[in-house]
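Protein chains: 2
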Amino acid sequence: MDPMEIEKKSFQIISRELGNKKLMPGTEDIVKRVIHCSADFDYADNLVFSENVVPILRNAFLHGCNLVTDTMMAKSGISKPAAEKLGINIHCFIADKEVAQKAKERGITRAAAAIERAAALPGPCVFAIGNAPTAILSLLQCVREEKVDPIAVIGVPVGFVNVIESKEMLSNSKIPHIVARGRKGGSNIAAAICNAVLYSIVQRV
Amino acid sequence: MDPMEIEKKSFQIISRELGNKKLMPGTEDIVKRVIHCSADFDYADNLVFSENVVPILRNAFLHGCNLVTDTMMAKSGISKPAAEKLGINIHCFIADKEVAQKAKERGITRAAAAIERAAALPGPCVFAIGNAPTAILSLLQCVREEKVDPIAVIGVPVGFVNVIESKEMLSNSKIPHIVARGRKGGSNIAAAICNAVLYSIVQRV
Numbered sequence: 001m002d003p004m005e006i007e008k009k010s011f012q013i014i015s016r017e018l019g020n021k022k023l024m025p026g027t028e029d030i031v032k033r034v035i036h037c038s039a040d041f042d043y044a045d046n047l048v049f050s051e052n053v054v055p056i057l058r059n060a061f062l063h064g065c066n067l068v069t070d071t072m073m074a075k076s077g078i079s080k081p082a083a084e085k086l087g088i089n090i091h092c093f094i095a096d097k098e099v100a101q102k103a104k105e106r107g108i109t110r111a112a113a114a115i116e117r118a119a120a121l122p123g124p125c126v127f128a129i130g131n132a133p134t135a136i137l138s139l140l141q142c143v144r145e146e147k148v149d150p151i152a153v154i155g156v157p158v159g160f161v162n163v164i165e166s167k168e169m170l171s172n173s174k175i176p177h178i179v180a181r182g183r184k185g186g187s188n189i190a191a192a193i194c195n196a197v198l199y200s201i202v203q204r205v
Numbered sequence: 001m002d003p004m005e006i007e008k009k010s011f012q013i014i015s016r017e018l019g020n021k022k023l024m025p026g027t028e029d030i031v032k033r034v035i036h037c038s039a040d041f042d043y044a045d046n047l048v049f050s051e052n053v054v055p056i057l058r059n060a061f062l063h064g065c066n067l068v069t070d071t072m073m074a075k076s077g078i079s080k081p082a083a084e085k086l087g088i089n090i091h092c093f094i095a096d097k098e099v100a101q102k103a104k105e106r107g108i109t110r111a112a113a114a115i116e117r118a119a120a121l122p123g124p125c126v127f128a129i130g131n132a133p134t135a136i137l138s139l140l141q142c143v144r145e146e147k148v149d150p151i152a153v154i155g156v157p158v159g160f161v162n163v164i165e166s167k168e169m170l171s172n173s174k175i176p177h178i179v180a181r182g183r184k185g186g187s188n189i190a191a192a193i194c195n196a197v198l199y200s201i202v203q204r205v
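Note that the protein sequences, when read in sequence, are chains A and B. Anchor point for the first sequence: position 193 equals 193 in this note's numbering, and the numbering is continuous, going up by one each time. Anchor point for the second sequence: position 32 equals 32 in this note's numbering, and the numbering is continuous, going up by one each time.
For the record, the hints were derived by calculation from the structure and aren't laboratory data. Hints may contain errors.
As the list makes no split between identical chains, a pair holds if one copy fits it or if it spans any two.
Computed cross-link-like contacts, DSS-like style, restricted to lysine-lysine with a CA-CA straight-line distance of at most 25 Å [what the hints assert, rightly or not]: (1) 85 with 147; (2) 80 with 9; (3) 104 with 9; (4) 102 with 174; (5) 104 with 147; (6) 22 with 9; (7) 22 with 32; (8) 147 with 8.
Only chain A is shown next, with the shape it has when bound in the complex (with noise of 0.2 Å):
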C-alpha cells in the first residue's frame, strides 16, 4: 500500500472516530495530524489557539521564517522539502557548544540558553518547543527583555514538573500561540504541528 494511501485512510478514520466532536474551525488538519502522530485522542480536547493563530503561522511559513525548536528530535519531525520550498531555515541550537558554556556559566538549562541564542537570530520567527517548559520561560522572559517578538509560539512540552505552569504562562500572554493543555505533548507533537501548517501550503511529499 502506498504511504499516501496509508495516510489518507489513516485520516479517514481519524475523522470518522473524532465523529460529532466540535473543532476549532481552521484548525482541523492540525488536530488530526497530532493524533495521527500519536494515536492520542486526548488531543482533540488538549490543544488551544489563539486567536487566528493558525492564519499567522501559514503567513510566516509562505514567507520563509526562521523556525526554532528546543530539540534536535522536533527539527529532525519537521519536513525538510516542505521547509526548503518556503525557504524556511529550521534551528536547534541545544546542542551548540557555546550555548553549553553559556548555560553552565549561568546556571541555568541548555534548552534555555539556547532560546536566548535563537532570539538574537535576525529576521521574524517562529518557536516550537515540545520538550522544555524551561525554553518556554526563557523566550517568555526574552520576549519581556524586547530581545525577540515571536511571530508565533507552538508549547507543547511534555512533562511533570513545571510544564502545565509553563503552557499556562503561555496560554496566559500576548503571543499569538497554540498549546497542548495539561502534562501531555512532545517532540513528535511540535513537529506534527508544524508540518500541518506545512503541508496546508505545500504538498505532501
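Since chain A is already given, all that's left is putting chain B on it; use the hints.
Quick look at chain B alone, frame taken from chain A:
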C-alpha cells in the same frame, strides 16, 4: 532547577501515580521512561516484553552493537553520549538515496527498503521501529529469508492502518521484542526505550 533534579522529581511523580500497578520485574525503568516522554500512563498496560528481552538488550548495548531506527526522529532522540560511550553505531537509512531508488523501482515503501539495507550491516543488530509498520513487516521478511538475525526488536510504530497487525506479528515471532500493543507508539517512544536501557548501563548525561 537542575534538569537532573527535574527528571528525578518527574520519575517520583510517575512512580507515585503508578501506585500498586504491577509491572514486569526488570521493565520498570523502561515503562517509566516511556511515560516520562509521553505523559501517557496507557503505556503501563500497552508495553509487552518477551522473555529476557531487557537483559538481551543490555548485553547487546554493553558490547557495542548496531542500532537501527526507521526514522531520523528516533535516531535524534537516542542519547549520543551514551551510545558513543558504549561504541554503539546508530543507523537510519530512510534518507539514503540508493534506498529511495530501490523503493521506487520495486514499489515498496522507503521504510521497508531501509530495513533491507540495514539487514546487510555486518555485526549484531538491534532494531528500534517507531513509525512504519512496513518496517516491521520488511524486517520479519528478512528474518524469514535468513538475511538478518536481529538481537532484539523494539516495535512501537504508531497509527491506524496495519499498525496493530504488524505489532502482533512481531509479538508472535520468536525474535526477542518490546512491543507497544494497540495503535500507540512513535519515534519518541522508540527512543525512550533505547535510552532507558542505555541509562541502565551508563550514567545519564
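Verification of the supplied hints:
1. 85 with 147: neither (29 Å within a copy, 38 Å between copies)
2. 80 with 9: within (24 Å within a copy, 36 Å between copies)
3. 104 with 9: between (48 Å within a copy, 21 Å between copies)
4. 102 with 174: neither (29 Å within a copy, 50 Å between copies)
5. 104 with 147: Result: close within a single copy only, 21 Å intra versus 48 Å inter.
6. 22 with 9: within (21 Å within a copy, 36 Å between copies)
7. 22 with 32: The answer is within: 12 Å in one copy meets 25 Å, while 33 Å across copies does not.
8. 147 with 8: Result: close neither inside a copy nor across copies, 42 Å intra and 33 Å inter.
When held up to the earlier numbered hints, the structure conflicts with 1, 4, 8 and fits the remainder.
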